[in-house]
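**Student:** Each chain is listed here by its residues.
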Amino acid sequence: MLKIWVLRHIQVSLASLGRLVRLPLSTLMTSAVIGIALALPTGMHVALDHLQAISGGWDGAATISLFLKQDVEAKAAERLTEKLQAKSNIAEVEFISREAALEEFRQLSGFGEALDALNSNPLPALLVIKPTTEQSDPLSTQQLIDELEQLSEADLVQLDMQWVRRFHALTEIAQRGVFVLASLLGLAVLLIIGNTIRLEIQNRHAEIEISKLIGATDAFIRRPFLYAGFWYGLFGGVIACLMVNLSILTLDDPVGQLASLYHSSFSLSIVDLQTVTVLLTGSSLLGLLGSWISVGRHLSTIEPS
Amino acid sequence: MINFDNVSKRYPGGHDGLSNVSFHIKPAEMVFLTGHSGAGKSTLLKLIGLLERATRGQVLVGGRNLTQLPNRKIPYHRREVGMIFQDHRLLNDRTVFDNVALPLVVAGMGHKEVGRRVRAALDKVGLLNKEKSAPITLSGGEQQRVGIARAVVSKPPLVLADEPTGNLDPALSKEIMTLFENFNQVGVTLLIATHDIELISRMNRRILTLDKGQLSHDGLKHTW
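The listed protein sequences correspond, in order, to chains A and C.
Note that the numbering used here has the first sequence beginning at 1, numbered continuously upward.
Note that the numbering used here has the second sequence beginning at 1001, numbered continuously upward.
Since the hints were made in silico from the structure, they are not lab data.
Stretch by stretch, here's where chain A covers chain C in the computed footprint (C-beta under 8 Å, at least three residues):
#: 1; stretch: 1069-1079
#: 2; stretch: 1103-1110
So these bits of chain C aren't anywhere near chain A, every CB distance computed over 12 Å:
#: 3; residue: Asn1006
#: 4; residue: Lys1026
#: 5; residue: Ala1028
#: 6; residue: Arg1056
#: 7; residue: Arg1119
#: 8; residue: Asn1129
#: 9; residue: Leu1138
#: 10; residue: Gly1140
#: 11; residue: Pro1170
#: 12; residue: Glu1175
#: 13; residue: Thr1178
#: 14; residue: Asp1196
#: 15; residue: Ile1197
#: 16; residue: Ser1216
#: 17; residue: Gly1219
#: 18; residue: Lys1221
Keeping only pairs whose Cα atoms sit at most 20 Å apart, straight-line, the calculated SDA-like set for lysine to any residue is:
#: 19; chain 1: C; residue 1: Lys1112; chain 2: A; residue 2: His9
#: 20; chain 1: C; residue 1: Lys1073; chain 2: A; residue 2: Gly296
#: 21; chain 1: C; residue 1: Lys1155; chain 2: A; residue 2: Ile210
#: 22; chain 1: A; residue 1: Lys3; chain 2: C; residue 2: Val1114
#: 23; chain 1: C; residue 1: Lys1132; chain 2: A; residue 2: Glu207
#: 24; chain 1: C; residue 1: Lys1073; chain 2: A; residue 2: Ala219
#: 25; chain 1: C; residue 1: Lys1130; chain 2: C; residue 2: Arg1089
#: 26; chain 1: C; residue 1: Lys1073; chain 2: A; residue 2: Thr217
#: 27; chain 1: A; residue 1: Lys3; chain 2: C; residue 2: Lys1112
#: 28; chain 1: A; residue 1: Lys3; chain 2: C; residue 2: Met1109
#: 29; chain 1: C; residue 1: Lys1112; chain 2: A; residue 2: Val12
#: 30; chain 1: C; residue 1: Lys1112; chain 2: A; residue 2: Ala15
#: 31; chain 1: C; residue 1: Lys1073; chain 2: A; residue 2: Ile210
#: 32; chain 1: C; residue 1: Lys1112; chain 2: A; residue 2: Leu2
#: 33; chain 1: C; residue 1: Lys1073; chain 2: A; residue 2: Glu209
All figures in this text were calculated on a predicted structure; none of them were measured in a lab.
Glycine residues also receive a C-beta, built at the ideal position from the N, C-alpha and C atoms.
Next up, chain A with everything else stripped away, as it sits in the complex (with noise of 0.2 Å):
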């Protein structure tokens, strides 16, 4: 009994999708304004993604300073590093010794005749530290400084952390954005296929009568068009996802060009496997969902008389 059940409603999601297919153009044209309203969500999601891989990868702009006391030794100094190094929500710490800030410093800064006249090395020992990527928000970061400022060995910690905080209220911003306009496309993408349902109900609608004139249930009148449905919704969602795609690949070029001015080897890649289940995922039950809408509404006022 199930078997046939699935059988029948295999049958009549391809007999759905044979409708389509027979009708190319229209259906193509459906499923692009569809593959257009949900483009523009699922690209500005993939733009935001990229941007906070670029923050995350953004040299020194999540890592903490540790200038350790004039009076630490260089193997005492080589012992906390050791210590943090292990500590969990560290990622990475490197140890700049007193003599390597200076001899970076006399590299860098063009004052290295002032400094041979000083008789002592006037610069302090420095612990960068880079917290893990899961331990770089605000909160965390502002826990790891706390900890680290109670080290015996520490004269003082520095992190821009305004410009870190700021940064994060963008991306919140953002998101919300994103998730704003994907609201309402997805309305829009419901209006859209309940709007093709009712049209598609309409010219069938003598097939409707006599199908209730001979015994079908309303299940069963139903059925095709939700699977008409869910197919504008998956088409619609893979047209959005090539649409994306296309347009990152079409970015590529320029963007890398972009990255290589400011000595970065960041490009942009396609969009990832999560971000298109959740699409399709998301596209076809929008499918599902404005067909049901409009059969619900359309398919009673039919009946034979």
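Given the coordinates of chain A, work out where chain C should sit on it, guided by the hints.
**Tutor:** This is chain C only, laid out in the frame that chain A set:
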């Protein structure tokens, strides 16, 4: 099989389709329903197929009380009643085979069984060689026979026909009637609405005559 007990149907707007109609049709009877246009023949058939519901009185079909049947059970009731129309009501974008198969598909029958039954039904009406044709390419008489095949393919105990010979010449009408008699012989109850008095008066069957929504005569001969 069919039991009407003081049935009235008043349409919105006050027009009376039927008033106080009572009769009983036994299983395996073949009954004609006649009367002038607008006398209520179609209304009576619609009440049996639940295309309309009675305003007053009780309609019993095959032991089911249609007055109390909930809407969601209407499809299952209609599967027990084969309906034939003057305008055939065939789907012109499907083949003859698919048209006849529709009641079986709707009832969820398996593929093989559908093929077997459809061919048997087409064979009975003499259209086995036309199964792949489109209905629109057939003559009026042939289209009506496709409609009949569709009505009997699921072997319903009751078949209703509304002016089945309305557009056919006497020879073809005779053919259709012979077909109905064949079904009746195997136990199918038939109720056939027609105003073709000449045809039915030669068949010696029970005739229900309606006049202005009321049953004016019930017997072997018509009087109006």
